[in-house]
Structure formats: structure tokens, C-alpha cells
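K.L.:
What follows is the residue order along each chain.
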Amino acid sequence: DAKTTQPNSMESNEEEPVHLPCNHSTISGTDYIHWYRQLPSQGPEYVIHGLTSNVNNRMASLAIAEDRKSSTLILHRATLRDAAVYYCILRDTTSGTYKYIFGTGTRLKVLA
Amino acid sequence: EPEVTQTPSHQVTQMGQEVILRCVPISNHLYFYWYRQILGQKVEFLVSFYNNEISEKSEIFDDQFSVERPDGSNFTLKIRSTKLEDSAMYFCASSARTGIKVEAFFGQGTRLTVV
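As they're listed, the protein sequences go chains Z and C.
Residue numbering for the first sequence follows the working numbering, beginning at 1 and increasing consecutively.
Residue numbering for the second sequence follows the working numbering, beginning at 1001 and increasing consecutively.
If we strip away everything but chain Z, and leave its shape as in the complex, we get (with noise of 0.2 Å):
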């Protein structure tokens, strides 16, 4: 089951940084931190992974703590299409698949 906690939803304003949280305090040496999401009726989209170090890239920021017991997604300045369901996941290690297991994610409402 998913190894990782997140708030049901969250609302921004349009324009304004967006901080979605996720706890993991399982997560092992190795567990690399992926955020995916999913505009409505649509495929879930990657959008960052790290492992220890903070990360950037067009699409978002990801701060990791030090403990790396919980994670932060920042969406620098929200639009209307950052409307979405915001996953936090850890891949699955018990098998050489690696596959996703999905929780229920954030659900960002952004207002205009």
C-alpha cells in the first residue's frame, strides 16, 4: 500500500506559490521520492523525483528534509492549469518492477 501521507486537498490563489506537503517516515536509504499528476480526466504526468538534494525544473521545485521523512512539491506561481490531484510516491522495492503504487493524493484547487 502507499508508503506516503498527503492532505486530501489544498487551495491556492492563482499567480501565488503553492507548498504541497507529503510525509513518508518509512521510507528507506535508497527510496527515491516521485511526484506525479493528474489533470482531470487525464493520465498521470510526471513532474519531479529526487533523492536528497533539492530539486528543479520547469515544471516545479522539490524539497526534501534532512531526514528525508517527508517532502514539499512547490509550484512556484500557480495557474489554472495546476488544477489536478498531486501524488507523492515511493516506488515499490519488493519486486524488480519497480511499479507505482498510487495513494489518494492533494487535490489543488487553484482560484482565480
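Hints were generated in silico from the structure; no laboratory data involved.
Warning: the hint list may mix true and false statements.
[Stated by the list, open to error] Straight-line Cα separation of at most 30 Å, DSSO-like style, residue types lysine-lysine; simulated pairs:
{"no.": "1", "chain 1": "Z", "residue 1": "Lys109", "chain 2": "C", "residue 2": "Lys1083"}
{"no.": "2", "chain 1": "Z", "residue 1": "Lys109", "chain 2": "Z", "residue 2": "Lys69"}
{"no.": "3", "chain 1": "C", "residue 1": "Lys1083", "chain 2": "C", "residue 2": "Lys1057"}
{"no.": "4", "chain 1": "C", "residue 1": "Lys1101", "chain 2": "Z", "residue 2": "Lys109"}
{"no.": "5", "chain 1": "C", "residue 1": "Lys1042", "chain 2": "Z", "residue 2": "Lys69"}
{"no.": "6", "chain 1": "C", "residue 1": "Lys1083", "chain 2": "C", "residue 2": "Lys1042"}
{"no.": "7", "chain 1": "C", "residue 1": "Lys1057", "chain 2": "C", "residue 2": "Lys1042"}
{"no.": "8", "chain 1": "C", "residue 1": "Lys1078", "chain 2": "C", "residue 2": "Lys1057"}
{"no.": "9", "chain 1": "Z", "residue 1": "Lys109", "chain 2": "Z", "residue 2": "Lys3"}
{"no.": "10", "chain 1": "C", "residue 1": "Lys1042", "chain 2": "Z", "residue 2": "Lys3"}
{"no.": "11", "chain 1": "Z", "residue 1": "Lys69", "chain 2": "C", "residue 2": "Lys1101"}
{"no.": "12", "chain 1": "Z", "residue 1": "Lys3", "chain 2": "Z", "residue 2": "Lys69"}
{"no.": "13", "chain 1": "C", "residue 1": "Lys1057", "chain 2": "Z", "residue 2": "Lys3"}
{"no.": "14", "chain 1": "C", "residue 1": "Lys1042", "chain 2": "C", "residue 2": "Lys1078"}
{"no.": "15", "chain 1": "C", "residue 1": "Lys1101", "chain 2": "C", "residue 2": "Lys1057"}
{"no.": "16", "chain 1": "C", "residue 1": "Lys1101", "chain 2": "Z", "residue 2": "Lys3"}
{"no.": "17", "chain 1": "C", "residue 1": "Lys1101", "chain 2": "C", "residue 2": "Lys1042"}
[Claimed, not checked] Computed spacing ranges between beta-carbons, pair by pair:
{"no.": "18", "chain 1": "Z", "residue 1": "Glu66", "chain 2": "C", "residue 2": "Gln1014", "range": "49 to 59 Å"}
{"no.": "19", "chain 1": "Z", "residue 1": "Leu80", "chain 2": "C", "residue 2": "Thr1076", "range": "29 to 39 Å"}
{"no.": "20", "chain 1": "C", "residue 1": "Gln1041", "chain 2": "Z", "residue 2": "Asn23", "range": "39 to 49 Å"}
Ideal placement from N, C-alpha and C gives every residue a C-beta, glycine not left out.
Using the hints, position chain C against chain Z.
P.N.:
What follows is chain C alone, placed relative to chain Z:
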């Protein structure tokens, strides 16, 4: 930008009929997956496929389901005798290699409605 494409986008079928959902993974990707999402529920893993064989399958992936890579580009999911509870969004995904830090890319999904 390369993407995973799925066809059809929506399929309606009678209960008991066979359906084939099609996917074209990203070129040069070697690992392929099917996931499904029943309306309002979580995205669930069905099966992974590598080197022309199933590498892992979930409890959902029973004898009614099969996967195939019939040629160098397509990856298909077949449901032999559909049931009402098979109604869901089915997502195909692919990745270039496997590993804990490798991202997978998902298609837009096929909405299967069994009536």
C-alpha cells in the same frame, strides 16, 4: 516531445464481449505497464511487461486479462469477457529502463464502459 498514445480514447462494450486496448509506448522504451482507475478511486497497478514477457502482475490481473506486444511498436491489453466492474480508465505507461529513480510516462488513457 515523445508521448505514450492510447487508442481508442473511449470504448463501450457489451458485457461478455472481448476488448483490446491499444498503446504505442515511447520509442526506445523497454518497460511497459498497464494501470487502471475506477471512477473516483485510486490508480491501480495491473501488470508490467519486459522482454516479451510479464514481469509482474497484480491480483486484479486474472485469467481474463492478457497483454501482448504484437510488433515493435504496439502494446495491447485484452480483456476476454468483460464484466460490469471492468468499467474504468485504463492507462498504459512506459519507461526506458527500470530502477528506483527512473520515471515512467503515462498515456491519456482509454475509458472503458461495459454495459
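K.L.:
Determine for every hint whether it applies to the structure shown.
P.N.:
Cross-check of the supplied hints:
| no. | hint | verdict |
| --- | --- | --- |
| 1 | Z/Lys109 to C/Lys1083 | 34 Å, violated |
| 2 | Z/Lys109 to Z/Lys69 | 26 Å, holds |
| 3 | C/Lys1083 to C/Lys1057 | 19 Å, holds |
| 4 | C/Lys1101 to Z/Lys109 | 29 Å, holds |
| 5 | C/Lys1042 to Z/Lys69 | 23 Å, holds |
| 6 | C/Lys1083 to C/Lys1042 | 19 Å, holds |
| 7 | C/Lys1057 to C/Lys1042 | 17 Å, holds |
| 8 | C/Lys1078 to C/Lys1057 | 14 Å, holds |
| 9 | Z/Lys109 to Z/Lys3 | 24 Å, holds |
| 10 | C/Lys1042 to Z/Lys3 | 14 Å, holds |
| 11 | Z/Lys69 to C/Lys1101 | 17 Å, holds |
| 12 | Z/Lys3 to Z/Lys69 | 11 Å, holds |
| 13 | C/Lys1057 to Z/Lys3 | 20 Å, holds |
| 14 | C/Lys1042 to C/Lys1078 | 21 Å, holds |
| 15 | C/Lys1101 to C/Lys1057 | 21 Å, holds |
| 16 | C/Lys1101 to Z/Lys3 | 16 Å, holds |
| 17 | C/Lys1101 to C/Lys1042 | 22 Å, holds |
| 18 | Z/Glu66 to C/Gln1014: 49 to 59 Å | 57 Å, holds |
| 19 | Z/Leu80 to C/Thr1076: 29 to 39 Å | 36 Å, holds |
| 20 | C/Gln1041 to Z/Asn23: 39 to 49 Å | 22 Å, violated |
Violation of the numbered hints given earlier is confined to hints 1 and 20; the remaining hints are satisfied by the structure.
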